[in-house]
Amino acid sequence: MLAVDQLSFRVEPGEVYGLLGPNGAGKTTTLRILATLMEPDEGQVLIAGIDRRRDPIGVRERLGWVPAEAGLPERLTPREAILLFAAVQGVPRPEQRTDEMLEQLGATPYANTPCGSLSTGMKRRVVLARALIHDPPVLLLDEPTDGLDVAGRRDVLGFVSEQARLGKTVIISSHIMSEVEKVAHRLGLVAGGKMVAEGRVDELLTLANATGLDEAFLSLVDGPKA
Amino acid sequence: MRPLPSAIALLTLASIRRLLREGLVIRSLIFPVALTTGTEVVTLGVVAITVPDDQVAVPTSWTDDALGQLLATHQITLEPTSDPAGAVFNKEAKAGFDGSKVYTLGLPPELLLVESYLRSKHPESWQIEPVLREHRPQDLPGAGRLISRLVSAIYALYGVVIGAGMIARDRDDGTLAAEFLLPVPRFAIAASRWIAASLVLCGCQIPALFLLDALISVPDLYAQMGHGAAASLTSCAIGLAAIGSSGAKSGFSARLAGALSADFALYLAGRLIPGLAPILPVASLGQASEPWLPLILAALFALGSIFQFQRVNGR
Amino acid sequence: MRLRPTRVVAVARRDLAMETAGRKGIFLPLILVGLLIPAATVSTDSLFDFPKPKVRLSGDIPAAIQELPNTEITNSTTSHIHFTHNENGVLVLHARWIPDEVRTLLDKDAPAPVQVIDVGKEAQLPKRSLLLALIASSVLSGAVAESLPGERSRRTLETLLAAAISHGELVAGKWLAWAGLGAMAATVAALLSMVLGRQSPGPWLLALPFVPACTVALGMFLVRTSNDLIGGSAVAIRVLPALLTVSGVIAWMLGGIDPTLGALLPLGGALLAAGGLWEGWTPVILSVLSTGTTAAVLLALTSRDIGGFQESSSYFPERLRVLVGATAVGMAIWWMPVAGPALWSAAGNSVFASGLSTASAQWAAAMFFLIAAFGMSAQTSDIPKALSWRSPTISTWLPTLLVIPALHHLLATPPLWTFDASLRLFNATAPQLGVAALVGVLAQELFFRGWVLTRAGPIVGIVSSTLVLFPTQPIAGLLVSSLLAWLALHSRSVWPSMFAHFAAMFAIPLSPLGSTALALGGLALSLFYHSKDKQVSAPSAF
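First to last, the protein sequences are chains A, B and C.
If you count the first sequence from 1, position 51 lands on 50 in numbering that gives the first Met the number 0, and the numbers rise without skipping.
If you count the second sequence from 1, position 53 lands on 52 in numbering that gives the first Met the number 0, and the numbers rise without skipping.
If you count the third sequence from 1, position 180 lands on 179 in numbering that gives the first Met the number 0, and the numbers rise without skipping.
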């Protein structure tokens, strides 16, 4: 099955890039290829200037991965889970760094509660802390606001903007257009595994001659309404 | 509302269908058969290669032809050699002798022939009349019993995994929640799964024992089938009881390990208290006695686990 | 491949922490301790008791012999030794085998004219450390399943795969956690048994940790791409203890020829070396090298595949796969009952071979064909359709009746009929014909004319049936298979071929009247189903 076809884009440091498209468009596959979790049949991927085929570990050292599903060990506490992961990542002074990250994400109050008992929003914070534990310059987030309430979504998106301000390269995938347009500097619209259009929000609106991003997307994918 | 027996039958058929759909289950159930037959082929192959020729080694100075004639009637030839003991040790001959000493590897029939001949030279000693043609399968040491017990034990282990796995997986994929909404009591849902798992398990175990009987001869075949079925039915019930209220995603392997330990405890109880071995399912594997008591106990185990399922999941 | 010790240890620590966290985390250590401590300390020599067969005695049994343990008095037709006296009053043993203790007892009062010497070494039994190795290795199968398929199904493996470690480090870490735990548990238990004087120290101690080490590597290899905990558990629990046992048995047999051969067998060699079966350092060192290398290769293969990048794809077209698969499975099912006795004969025990149950062989073959047919068709959405289980049209029955005499003639050609061949090979009588044979025909037809034909078309159906059922008579076999396949294809139902096959084999030999009655019965059955419903005729059992 062809999931992603001839898709090409470039993201600069300090930039938030939104990968938008409906379910099954190929967003997650694209992110998984970037995260070295899948092997593309052809093409080239450079993360922070490093070819993922030549040096996958070098790539993984430079990226933080936030999967759509939390993937937290249910019987471990957030502190334990992050600490053990920090050791795997080779983080110096892992205890101190773990506490810093938990504090930064406001997860300290439940740092010693088993992950299985946490709410979706709490788990998302823990996952973000885990992804940033080794301070990677590139952050990949797959549908990070899925299942969150209004406040949770605001917090996560705010956190994404903050990371970009700190100079990190952020790629975020979502099927909710209106949400990502608030934080993304540039957007890539994906459908059927192909890049349909790419650019700033205003550029896409002009291109599609539309007033909103949803309308622009439908127009670019299906053609303008008769 | 559909009558209860027909509801259980329909749920059972659906469960069997899902079990068979999982290639892994079928592969698991065929595995012990492939394993035992494969092992037997390898074993017999090695033996066929290493088995000594139909020869009896004698010293090169041997001149008495009467023994040669006696052995020839059994298609055995004399092989003159300087070292009869060495020839037997190196599996070049089935037996050998040197004066009054007869060398063998184990107790082959050729030994009796040679020994009877040598004893006939000393009429005052007790004598041997070899009875070679009446060697029968039941004279072999209990290899068939041992292997059939091993195979049944493997099926019992799968019984635990399948019994537990069915509930866990169905809970995780939502099938169980959907069935909880059916207008049938909850015990019917557990009962149908236990029946399905047991039928599939025994449906593979019985032909496996038939095959073993055709290959190595299983003593008390039908008793072994009964005890094997009792072990499988009990193990499915234990698996079902262990997972009762949980899914696969939370602590499945710990519960599974607990269920496997319970199965092992039954076996151990039979080993430690010999009186229990013929009546306790799992412990009764390999027993020659009638399997009715273990089968009745297996049914009681099943009833227990089915009603325990209803207790933890509500009516 | 990068292998940084700190990262490997970090992964191992994470795995151990995840398994032992919380209340449920106590299970694995508890089971390990609960099984290993009794095995290491219990003061019995009967851990590996292989019961000796009882010596059955009959006739004028001397009193001293009667008092021997492990004897049983029986009648002359079933006894191993029947005692009589000859005309000179000398004791005569009509014997099928004479155990050493009987011989020694009879020779006690007079110098033995014949001395029997067994030149074989005393059959050595492994020591209790073998049991410790087995327990420590088998208990870990659940943890191995949790470690890879469990983590994959909970999506926690994904974050590790995206972490800054190589796949080699990831696999090595997970292996270290469980192999280390198993090796440590087995070694501590062995030390305990030595302290209590249950087993004396020796080179076996070196081989002991290699058994769990290789078992865990093997377990990880087996479940390396599985993403389902239950499936993974089933594989690990199914395969690991079995492979351990089988490789141990094979190593034991090879070791009987030469300890070096046994020791070189991966896993089994280390298992028996750990059980102290062989004297000296050489077998132990060889077993450690062979098993250690195997573990390393398995780990390398696991780390190559753990990313799960490659989708499983087959290089061979569907029909070729069905042809090879159906022929191999069919051969194993159909010929094993004949190959078994043949092997026994080759191994020097033709008398035993002749006593094996042909009826059981028929039942086994029939049942396994049924399992194969149902198992394969259950993978589709419509089992009756996959097996061509539907009512044929009435017009089919005329060709069916015409085909029967031709089939009968062809099937009568010896040795087309497998069991006919086996019956003659091993001088068995043939009272077994009947229900088992009927089920056999039904099963063969469901498999070859039902599943294979429907799935892969006439060529594969005919060729596989010929190869499996009639390899010694390919021309006649091809005709039989073609006729039956034609019936099935013509009627789009498996019933006529099933009926024709059965009638040709049994009814015609029985009597011409019998075949006519069967034919009329078949016709009536067909009419009955036809009148009920032309399209849907599957019995509710499906």
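Hints are not guaranteed to be accurate.
Under 7 Å between C-beta atoms, here's a sample of chain B residues computed to sit facing chain C [as the list claims (entries may be wrong)]:
{"id": "1", "residue": "Ile7"}
{"id": "2", "residue": "Asp64"}
{"id": "3", "residue": "His73"}
{"id": "4", "residue": "Arg118"}
Stretch-level coverage of chain B by chain C, calculated; a stretch enters the list once three of its residues show a Cβ under 8 Å from a Cβ in chain C [to be verified]:
{"id": "5", "stretch": "9 to 21"}
{"id": "6", "stretch": "57 to 63"}
{"id": "7", "stretch": "120 to 127"}
{"id": "8", "stretch": "188 to 200"}
{"id": "9", "stretch": "278 to 286"}
Since the hints were made in silico from the structure, they are not lab data.
Virtual Cβ for every residue (Gly too), placed ideally from N, Cα, C.
Violated hints, by number in ascending order, as checked against the structure
1, 2, 3, 6, 8, 9
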